[in-house]
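Got chain A sorted already, so can you dock chains B and C onto it with the hints?
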Amino acid sequence: MTTAEFGTHNWGMVVDVDKCIGCNACVIACQAENNIPINTQDRVERARSISWIRVERYWEGDFPDAKARFIPIMCQHCANAPCEPVCPVYATYHNAEGLNVQVYNRCVGTRYCANGCPYIVRFFNYWEPVWPESLRNHLNPDVTVRSRGIMEKCSFCVHRIRRESRSARSAGTEIADGAIQTACSSACPTSALNFGNFNDPNSKVSKMKEDKRHFTLLDQFGTDPNVIYLAKIDADKKVGAGEAATHG
Amino acid sequence: MASQAVAHDSEHHAPPPNVDADVVSRELVATTQSASGRFKAWVWGLGILSVAGIVALVLKFIDQGDDSTRWGYVAAMVSFLLSVAGGAPMVAMAPVMAKANWVRPITRIASLFSFAGVATLIMLIPLVAILPPLVTEGARRRTVWYMAPDYSPHFWTTLSLVLLIGTGIMLFYSAALPDFASMRDHSTGWRQRLGKRLARGWVGTDVQWRTLRMRIGMFGTFYFLILVFVNFLISTDFGQSMVPGWRDAIFPMYHTVSGFQAGVAAVVIALYFSRKYMKLEKYIHLDAFWSLGRLLFALTLLWIYFFYSSFIVFWYGRSMNDIATLDLLIKGPMIYAFFAGMILLWFVPWWILIWNKVRRGTAAMVVGSFIILIGLLIDRIRTFVPAWSVPGDQIHEKWLKVIPETVWPDIFDILIMAGGISLVAFIVMMMTRVIPVLSVWQVQEFNLLAKPIRYMKGHATLVAKPD
Amino acid sequence: MQQRRELDQVYTNRKLLNGQLDTPKWWLPTVSILGVVVLIGVIVIATMINKGLGLTGLARPVYWGLFITTFVFWVGISHAGIMISAILRLTQAEWRRPVTRAAELLTVFSLLTALVFPLIHAGRPWRIAYWIMPYDVARGIYPNIRSPLIMDPVAISTYLTGSTLFLYIALIPDLGNLRDRTTGWKNAMYTVLALGWRGNPRQWKMQTVGGILLSALMLPIFVSVHSIVSWDFAIASAVEGWHSTIFAPYFVIGAVHSGVSAVVTMMALMRWLWKWDDFIRPEHFDALARLLIVVATGWLAFTFLELTFALYGQDAPEIALREMQMFQWPWNALFIVFFLTGYAIPVPMWCFKRVRTNIALMFWTSILVNVGMWLERFLIIVPGLARRTPFVYTWEAYTPSPVEWTIFIWSFAWVTFLMLLFSKFFPLVPLFEQKESQVFTDDVMIGRAKVPAIVREAD
Numbered sequence: 001m002t003t004a005e006f007g008t009h010n011w012g013m014v015v016d017v018d019k020c021i022g023c024n025a026c027v028i029a030c031q032a033e034n035n036i037p038i039n040t041q042d043r044v045e046r047a048r049s050i051s052w053i054r055v056e057r058y059w060e061g062d063f064p065d066a067k068a069r070f071i072p073i074m075c076q077h078c079a080n081a082p083c084e085p086v087c088p089v090y091a092t093y094h095n096a097e098g099l100n101v102q103v104y105n106r107c108v109g110t111r112y113c114a115n116g117c118p119y120i121v122r123f124f125n126y127w128e129p130v131w132p133e134s135l136r137n138h139l140n141p142d143v144t145v146r147s148r149g150i151m152e153k154c155s156f157c158v159h160r161i162r163r164e165s166r167s168a169r170s171a172g173t174e175i176a177d178g179a180i181q182t183a184c185s186s187a188c189p190t191s192a193l194n195f196g197n198f199n200d201p202n203s204k205v206s207k208m209k210e211d212k213r214h215f216t217l218l219d220q221f222g223t224d225p226n227v228i229y230l231a232k233i234d235a236d237k238k239v240g241a242g243e244a245a246t247h248g
Numbered sequence: 001m002a003s004q005a006v007a008h009d010s011e012h013h014a015p016p017p018n019v020d021a022d023v024v025s026r027e028l029v030a031t032t033q034s035a036s037g038r039f040k041a042w043v044w045g046l047g048i049l050s051v052a053g054i055v056a057l058v059l060k061f062i063d064q065g066d067d068s069t070r071w072g073y074v075a076a077m078v079s080f081l082l083s084v085a086g087g088a089p090m091v092a093m094a095p096v097m098a099k100a101n102w103v104r105p106i107t108r109i110a111s112l113f114s115f116a117g118v119a120t121l122i123m124l125i126p127l128v129a130i131l132p133p134l135v136t137e138g139a140r141r142r143t144v145w146y147m148a149p150d151y152s153p154h155f156w157t158t159l160s161l162v163l164l165i166g167t168g169i170m171l172f173y174s175a176a177l178p179d180f181a182s183m184r185d186h187s188t189g190w191r192q193r194l195g196k197r198l199a200r201g202w203v204g205t206d207v208q209w210r211t212l213r214m215r216i217g218m219f220g221t222f223y224f225l226i227l228v229f230v231n232f233l234i235s236t237d238f239g240q241s242m243v244p245g246w247r248d249a250i251f252p253m254y255h256t257v258s259g260f261q262a263g264v265a266a267v268v269i270a271l272y273f274s275r276k277y278m279k280l281e282k283y284i285h286l287d288a289f290w291s292l293g294r295l296l297f298a299l300t301l302l303w304i305y306f307f308y309s310s311f312i313v314f315w316y317g318r319s320m321n322d323i324a325t326l327d328l329l330i331k332g333p334m335i336y337a338f339f340a341g342m343i344l345l346w347f348v349p350w351w352i353l354i355w356n357k358v359r360r361g362t363a364a365m366v367v368g369s370f371i372i373l374i375g376l377l378i379d380r381i382r383t384f385v386p387a388w389s390v391p392g393d394q395i396h397e398k399w400l401k402v403i404p405e406t407v408w409p410d411i412f413d414i415l416i417m418a419g420g421i422s423l424v425a426f427i428v429m430m431m432t433r434v435i436p437v438l439s440v441w442q443v444q445e446f447n448l449l450a451k452p453i454r455y456m457k458g459h460a461t462l463v464a465k466p467d
Numbered sequence: 001m002q003q004r005r006e007l008d009q010v011y012t013n014r015k016l017l018n019g020q021l022d023t024p025k026w027w028l029p030t031v032s033i034l035g036v037v038v039l040i041g042v043i044v045i046a047t048m049i050n051k052g053l054g055l056t057g058l059a060r061p062v063y064w065g066l067f068i069t070t071f072v073f074w075v076g077i078s079h080a081g082i083m084i085s086a087i088l089r090l091t092q093a094e095w096r097r098p099v100t101r102a103a104e105l106l107t108v109f110s111l112l113t114a115l116v117f118p119l120i121h122a123g124r125p126w127r128i129a130y131w132i133m134p135y136d137v138a139r140g141i142y143p144n145i146r147s148p149l150i151m152d153p154v155a156i157s158t159y160l161t162g163s164t165l166f167l168y169i170a171l172i173p174d175l176g177n178l179r180d181r182t183t184g185w186k187n188a189m190y191t192v193l194a195l196g197w198r199g200n201p202r203q204w205k206m207q208t209v210g211g212i213l214l215s216a217l218m219l220p221i222f223v224s225v226h227s228i229v230s231w232d233f234a235i236a237s238a239v240e241g242w243h244s245t246i247f248a249p250y251f252v253i254g255a256v257h258s259g260v261s262a263v264v265t266m267m268a269l270m271r272w273l274w275k276w277d278d279f280i281r282p283e284h285f286d287a288l289a290r291l292l293i294v295v296a297t298g299w300l301a302f303t304f305l306e307l308t309f310a311l312y313g314q315d316a317p318e319i320a321l322r323e324m325q326m327f328q329w330p331w332n333a334l335f336i337v338f339f340l341t342g343y344a345i346p347v348p349m350w351c352f353k354r355v356r357t358n359i360a361l362m363f364w365t366s367i368l369v370n371v372g373m374w375l376e377r378f379l380i381i382v383p384g385l386a387r388r389t390p391f392v393y394t395w396e397a398y399t400p401s402p403v404e405w406t407i408f409i410w411s412f413a414w415v416t417f418l419m420l421l422f423s424k425f426f427p428l429v430p431l432f433e434q435k436e437s438q439v440f441t442d443d444v445m446i447g448r449a450k451v452p453a454i455v456r457e458a459d
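Protein chains in written order, with the numbering used here: chain A, 1 to 248; chain B, 1 to 467; chain C, 1 to 459.
Hints are all accurate, no fakes.
With a straight-line cut-off of 27 Å between C-alpha atoms, the simulated DSSO-like cross-links for lysine-lysine are:
#	chain 1	residue 1	chain 2	residue 2
1	B	Lys401	A	Lys209
2	C	Lys353	B	Lys465
3	C	Lys15	C	Lys275
4	A	Lys212	A	Lys67
5	C	Lys205	B	Lys457
6	B	Lys457	B	Lys357
7	A	Lys209	B	Lys398
8	C	Lys435	B	Lys457
9	C	Lys450	B	Lys465
10	C	Lys275	C	Lys424
11	B	Lys401	B	Lys331
12	B	Lys398	A	Lys212
13	C	Lys275	C	Lys435
14	B	Lys276	B	Lys40
15	B	Lys465	C	Lys435
16	A	Lys19	A	Lys67
17	B	Lys401	A	Lys212
18	B	Lys465	B	Lys451
19	B	Lys451	B	Lys282
20	C	Lys275	C	Lys186
21	B	Lys451	C	Lys450
22	C	Lys435	C	Lys424
23	B	Lys279	B	Lys451
24	C	Lys353	C	Lys450
25	C	Lys205	B	Lys357
26	B	Lys357	B	Lys282
27	C	Lys205	B	Lys451
28	C	Lys186	C	Lys25
29	C	Lys186	C	Lys435
30	C	Lys15	C	Lys435
31	B	Lys279	B	Lys357
Hints were generated in silico from the structure; no laboratory data involved.
Chain A extracted, bound-state conformation:
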């Protein structure tokens, strides 16, 4: 039961950590889709790089039995987000569709939200963004280019959600499950990233969420994220990637 009316969805993502192979395709897709400036060597070294989604790698066990684990981390779109109440200008707030949205126009750049975020998925624009001349025409016209001095973060490709719901509304139809895909989920070769509507009990993500492997990141903060992870299945051990992530 999905209608195109605003406010009837609860967008979310289910990340099957077991399927993630750490290929970073999602990172690149996001970078291209959302007009994120190029993370040059200098920016990475100074810890000023921006990547709305990242794949974290952990080593589990001691050498030589070490195993690499991957976990993609993006804005968790928490229902109880620590970043929201602290913003003095309502530049970040929760909309009726379960998205934690960032309004670039309002942002004055206090960076308070970034301090409050335990997942560290909020990024600050220290400089005016620049692209090489050759890439200037590659920018996505649907996505705002963020000027310096403001925060940005994963938007769950809100422009795609808007585009799809607009056309569904004008056609008088409902948004089909799976019709909206974020850049990262459509790029994922193993379908580790799944985007959909949690309000629809029959959607793919709602069913996946019921899996007993599900967990959320850093649940001690009570953030109630809209990104649900499914733990790694390990034939040898009972420890999932999730525990590795939450316990560092």
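Using the frame of chain A, we list chains B and C on its own:
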């Protein structure tokens, strides 16, 4: 707060009469000897209640000694009695150090409360026996005793409480030496013999006075430090660490400050009754009440500030710990106690004490003090009862998963609470038979130092400030 | 104890107005040098606003650094004024008198300086009107009053307004005095500012009542300002080192510690620069140092509680953070310096009367305290953010850039500059308070001893 304000324009308020030193001693010493029938009846009544309370404590231990969740009210009582009996002597100390003159008639009556610390100790004994061990099910619960041996909370709390009572009594005694000498010189019977023995050859030489002042300063400082420490231990070991996930750094300070508040309130009540029924209007002036009123007002504000500081951080923090803590202590089983405490500890005293006219009447002050004491008792119940009601199987959780139900007091608890409070009143009342309720030498000293003068067109006091 | 010294009013006037009626030799060169530093600072700030915050050393996850530390530091210093003036006035501490004006001034100027930091540290400072004022109301969007960052400007601007009024009310009698001793444009200026002060009983009464009322009203603001600043940090449950319920009183008492120390520094400078040995006397330093011992020890108790309950939870991230803060380079070195300068060196020294009455030693120890208190804020803010979170992605540290250091130095030059500029036009020691204290003290004979005494008015 260290105001030396002495007003003369008000009609209630005569300038301190320059009473002859000899008369002062005689009159004050005489107060110990004459006990009215009403006084005796009260003492008997309170004594019976105290005994009943102690018997109930023993019976409760026999009956429910194995179930720590039933002992919240006794823990609240320990904390409450510590606040009253431990906080009151501070009233005597703090302003003395700030060289305030209004405190002179108060010091003795405040330091008498040190003896009432015995009541705290009696209540603490079964709790120490019941306090859950640090290590259960092979895991250590969260306490301030990270690596310390298992007996630490039990042993150190008891020891420090004993130390507190000892220091309080020493503080009382070192300031009482000259008065024991007065009793030796002006009293008869066992009081004279007691005075003779305890005065330890006091004749008032320069050296003796210097030693006396040094001792008061020393024991006063020690008393303050130990009191803060005991508050810290009781509030963490017997409160906070019983609840998984309750991590409130300000709670010991909150406990201490509300302890001072209770102490001041108790002193106001004791002062009011001794002034009224021992006919001491000549010595206990209204400015003592006014200054205590200001102090109480400041402490009331400090209480709400400390409370709010912790509340707002939990409220905004919204982590699982924070939510569970608020659910347990404020929203959950004790919500009515929370509101009652709020109203009685802060809201009502605030409106009573902010109003100069009301604050200047002794009756309003004593009503306000009673309200504060009741409020504090409820507030202690609000924090300690839910803390103890957490069953042992949850203690190793990261935060409280199941909020326990409200624990209502049973007949033992009611008897114990009545008995504990009676015991404090009983001890203080009995002590007024042993030693003058006002410090004779401090009253005399003020007569020396203050001189009413005419200043321009009004009256004023010239107060000498020796080093 | 207050040693009584007879100073006649002519001498008091001449001596305390020496800054206004004639210019000391050092004044112009000092102000010029400071002016140059201030100018450089302004240029650097302008450049930073023009180019962007990339010029700072900030990097993920340390989004707040030197600027916010210095902001908290100056807000802390601003607590000197009300502590000295309002609290000591309400408690009738006699020794406050020569110090009040300087303390209030410090409040006003340090607040003005503190305000600059959050504003220039915002990503788009040209949009701060949007943050502080609800100008966007046409679109139905108010500022988010849930945010401590909204309560901050509210509290600070209230405090600034209140302390400016407080300063001004206490200045009026002295302005009247100056009006009667100047000519030309200065006379015109003082005439306007003195608001027709004649010194009649009614005016004195109103001036006194105004002062006492403002003192009482300012006290809650005084407490709220630093509490709210502390809640900027304390409410962030995801930053282990910040989420502590003790922060509000801890910050306030720390602010009093650093503010009163700053007043001591200022008093020593005033005594040396304007040669006010008769007015700012060793017993004033003595009294302030005693106050500082109590405040500092209280502050230490709060520090102890903060640390105890940080470790109390026995959570791995919290313990890791504290280990980093105290035992890992470079934080460990800073931590040692912080502890030594904030408490371990000055307070034991103040326990000796010889130190308390030695102006040079008091000057240096009070500076030490402020070094320590600045480091305290730095050690709370930066390691708190630079903690090693469960995500290895963000294990980075933070080094302030030269731009940040320049602006940091600018803030000190700016406060001193304002202070010296003020001293050219207004007396730094309140003349009327000084004279009042002369009238209110006397000697009495008790037995054979001559004891100083104080006149107390009717309550």
